[in-house]
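Q: These protein sequences, in sequence, are chains A and B. Be aware that the first sequence starts at 1, since it is given in the numbering used here, and climbs by one per residue. Be aware that the second sequence starts at 1, since it is given in the numbering used here, and climbs by one per residue.
These are calculated hints, taken from the structure and not from any lab test. Since we're looking at a predicted model, the values are computed, not measured. Treat the hints with care, since some could be wrong.
Remember, identical chains collapse to one label, so a pair may be satisfied in a single copy or spanning two.
[Unchecked claim] Mimicking DSBU-like on lysine-lysine, the simulated pairs with C-alpha atoms at most 35 Å apart in a straight line are: (1) 249 with 416; (2) 25 with 182; (3) 99 with 434; (4) 283 with 48; (5) 167 with 325; (6) 144 with 242; (7) 48 with 376; (8) 276 with 120; (9) 310 with 48; (10) 124 with 237; (11) 310 with 144.
Residues per chain are reported as follows:
Protein chains: 2
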Amino acid sequence: MKNEKITSRSDDFAKWYTDVVNAAKLASYTSVKGCIAILPNGYAIWEKMQNELDKKFKELGHVNVQMPLLIPESLLNKEKELVEGFAPEVAWVTMGGSKELDERLCIRPTSETVFCDFYKSHIKSYKDLPMLYNQWCNVLRWEKETRPFLRSREFLWQEGHTIHSTKEEAERETKQMIEVYKWFHHDILAIPSIIGLKTEKEKFAGAEYTYTNEALMFNGVSLQCGTSHYFGQKFSKSYDIKFTNQNNKEEYAYQTSWGTTTRMIGAVIMVHGDDKGLVLPPKVAPKQVIIIPIGNDEEVINLSKQINQKLNENSVTSSIDLSEKSPGFKFAEAEVNGIPIRIEIGKRDLENNNITFVRRDTSEKIIKNKDIDIVKFTKDLLETIQRDMYSRALERRNALTFEAHNLDEVKEIMNKTPGFIKACWCGDEECELKMKEIKGLKSRCILENEKLIDDKCVVCGKESKELIVWGIQY
Amino acid sequence: MKNEKITSRSDDFAKWYTDVVNAAKLASYTSVKGCIAILPNGYAIWEKMQNELDKKFKELGHVNVQMPLLIPESLLNKEKELVEGFAPEVAWVTMGGSKELDERLCIRPTSETVFCDFYKSHIKSYKDLPMLYNQWCNVLRWEKETRPFLRSREFLWQEGHTIHSTKEEAERETKQMIEVYKWFHHDILAIPSIIGLKTEKEKFAGAEYTYTNEALMFNGVSLQCGTSHYFGQKFSKSYDIKFTNQNNKEEYAYQTSWGTTTRMIGAVIMVHGDDKGLVLPPKVAPKQVIIIPIGNDEEVINLSKQINQKLNENSVTSSIDLSEKSPGFKFAEAEVNGIPIRIEIGKRDLENNNITFVRRDTSEKIIKNKDIDIVKFTKDLLETIQRDMYSRALERRNALTFEAHNLDEVKEIMNKTPGFIKACWCGDEECELKMKEIKGLKSRCILENEKLIDDKCVVCGKESKELIVWGIQY
């Protein structure tokens with residue numbers, strides 16, 4: 001049964017998205033244009049995401065730091081491409097207290113410049129390298145059109161900034177981190193994603209190359225979910241970051257950066273959500289189980305409490321809804337919030353020694369004897385849900401991934417069922433721009449390890465050089 | 001033996017403090033005036049602090065959210081006292097991209113206004129209350145003089161903002177949270193602190209009253225470490241936050257806020273540090289044990305690795321220093337970083353089946369047979385260190401806490417050994433200001449539950465109303 005507060009996903013996807021964000025109380029607009037408040041339900045998901053990523057970063061030797069929020073204009077200006085990429089969309093602080101500042105400061109849109117400035121004064125020898133720094137923070141980009149989680153002026157993210165003594169090591173890091181994002185999406189968020197290189201036009205301003213992790217939403221629109229940039233010596237030359245190498249010679253250092261944001265909450269909504277609301281993969285669900293006793297029977301309440309306690313003691317996050325609302329209301333609330341498993345316990349069922357497990361992802365009801373090993377059954381079911389959610393998302397993506405060999409095919413696909421389009425490309429930016437005329441298609445990434453599906457460019461028919469995944473960008 | 005990079009604490013306390021921050025690599029200045037970079041060693045301590053506090057907040061029913069960084073000027077201006085308190089020290093954003101903004105936005109110096117704006121549009125009935133929100137974020141205050149952790153333009157903190165349907169509940173919350181800060185300082189940071197009310201002059205701009213948690217540094221200077229404010233209906237009236245109560249009548253809501261900051265890292269340094277560097281209480285030490293094998297003997301290395309693994313498997317954070325530096329260098333490094341326990345393992349000792357534990361806080365060496373239960377011994381020793389650090393800090397504070405009955409006594413104490421001065425006060429702001437003429441003494445807090453030590457005001461000799469703790473403020 002669909003939730004009354006939520007527009008049907010098939011009727012109006014954009015409206016459905018906003019309705020889910022509101023109904024599940026994930027975020028709300030504020031008086032500050034383009035800035036959202038992340039509400040408890042939304043922030044708790046972000047905390048789960050942070051925990052998983054932070055643990056992985058640390059296992060790989062990264063450490064957390066905190067650099068300043070403000071960047072002096074002169075510092076920002078040192079890297080030409082970066083300035084051109086970001087200057088149009090930064091917010092400028094021009095007054096401190098009642099005084100006009102000598103130099104205006106921008107609120108970080110990203111922190112390469114600040115890290116470079118730090119590295120410049122802290123690195124002397126190859127012995128100081130690598131530095132594998134990450135920070136969790138807020139950034140600000142003066143976007144015109146905004147949507148909760150997907151694009152807002154301020155957002156939360158992590159930005160890794162590493163610096164190395166060799167090209168090889170820095171390139172290994174770049175690759176390693178995009179693989180971390182892929183692992184995170186596949187194993188934790190149950191979102192199948194594709195990784196590949198960005199084209200020259202789409203890469204990060206100032207990077208030598210950018211790896212991206214691209215996911216396909218339920219409606220066939222694609223979302224960039226994490227990028228990893230290799231800078232080579234570009235920034236170290238602009239910011240004069242030199243070190244003495246093992247041969248006692250001065251050399252410019254090699255750098256990377258990589259980041260993921262609260263946008264991933266939007267991805268989870270748009271890949272897994274349905275007409276009843278949010279559907280959370282168990283691994284990022286702040287509550288994995290909700291127990292709803294039906295009626296006020298003492299035995300029912302006691303058993304509910306016992307099960308709740310046992311689950312929590314065994315690292316399943318469970319809670320029990322003892323409020324005075326009706327069971328139907330409680331069911332709908334658990335559904336809209338995307339809690340993976342609902343356990344219903346009623347007097348009549350108990351007479352038959354039964355309790356009922358309801359899967360959020362499939363609505364399947366599973367009736368079990370109350371004397372089974374409930375912890376084990378619940379844990380197994382959470383794993384099954386996690387796995388099934390991934391499989392369904394993968395199936396959906398496969399169904400929405402098409403191959404095209406010329407512009408007519410591209411148009412036909414896009415008119416029927418938008419999704420990922422695999423098509424070959426000659427490498428010319430002109431052809432890339434031509435694709436944009438078809439419903440705004442952009443190159444999402446270059447597939448490095450797949451065979452070309454055509455020897456001709458999908459646009460101009462000249463010799464093809466790359467296999468590209470194209471898609472509509474959020 | 002003192003560390004060569006560190007000025008002696010008794011020679012120049014301020015210089016000693018900066019030297020410890022640098023030598024232990026906790027923070028560094030940046031190109032952004034008044035803003036620091038919190039380095040891995042410093043940030044890891046902050047993470048330990050966050051974990052402890054966040055767990056406690058959640059146990060008490062609080063949830064985390066994230067509100068916008070920027071506050072429109074008109075929103076800030078709604079609470080007169082707050083504006084007057086903060087407007088002189090905020091940074092203003094006046095440009096977004098290349099456009100001048102219609103209304104300037106300040107970077108949050110604190111978020112009461114933003115939370116009020118949110119509450120206004122989200123609260124309708126008593127059933128929506130209480131809302132027990134907290135956020136971990138950065139804030140900015142345009143300070144003139146800055147010192148790492150103690151006072152910097154940008155700093156990290158948590159700010160709790162709660163809203164209630166009754167005065168009683170809100171006042172209980174205010175009290176509860178200052179008790180949480182006291183617990184945190186006493187039990188986790190090993191810092192004895194005093195809690196009490198701020199005077200009218202010193203309370204938070206816009207609060208009805210402010211509880212503060214005041215700690216005394218090794219040099220006798222006092223530091224405010226956490227405050228909890230009761231707002232009553234002041235903000236709810238300014239921001240028009242009404243709810244329908246149980247009698248179906250409209251009523252203004254009751255609010256609190258409470259916060260602690262990265263300044264607590266400064267407190268830990270200044271209460272516990274010594275001439276060798278940082279001394280960390282085991283409960284906030286990112287590394288609790290460092291194992292230093294002496295020489296390259298295989299048996300020594302193997303045993304070191306075994307112990308390291310066993311400790312880590314049993315929730316003691318341990319690491320092993322296998323670098324090529326000399327043992328003496330490694331000892332000094334472990335000391336400067338404040339690691340609570342150093343385990344030395346050498347070939348000669350091993351021949352006698354011995355290993356050596358060295359306490360960072362006392363430099364005491366404890367030789368033990370290698371076959372003892374090392375996990376248990378280490379855990380017990382960490383507890384002892386935590387307890388002893390608290391006791392020593394308390395002793396120091398007691399030795400620096402004085403009573404005074406007139407201004408001559410105050411002057412004599414301050415000329416000899418600055419510290420906390422307990423003295424009675426008539427309640428007049430004029431007398432409070434008069435005290436400031438003596439080395440800048442300020443009222444730190446009103447002691448609510450202690451008996452007056454004098455029936456006369458320490459300044460004017462009129463009838464005393466409050467017992468005050470006075471001190472020099474960082």
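Q: All hints are to be evaluated individually against the structure, with a verdict given for each.
A: Status of each hint after checking the structure:
1. 249 with 416: neither (60 Å within a copy, 56 Å between copies)
2. 25 with 182: both (28 Å within a copy, 34 Å between copies)
3. 99 with 434: between (49 Å within a copy, 31 Å between copies)
4. 283 with 48: Intra 8 Å, inter 24 Å, cutoff 35 Å: intra and inter.
5. 167 with 325: So residue 167 and residue 325 pass the 35 Å test across copies only (27 Å; inside, 61 Å).
6. 144 with 242: between (39 Å within a copy, 33 Å between copies)
7. 48 with 376: Both, since 22 Å and 32 Å are each at most 35 Å.
8. 276 with 120: between (53 Å within a copy, 28 Å between copies)
9. 310 with 48: Both ways: residue 310 and residue 48 sit 22 Å apart in one copy and 28 Å across, limit 35 Å.
10. 124 with 237: within (15 Å within a copy, 57 Å between copies)
11. 310 with 144: Neither. Shortest intra-copy (49 Å) and inter-copy (55 Å) distances fail the 35 Å Cα cut-off.
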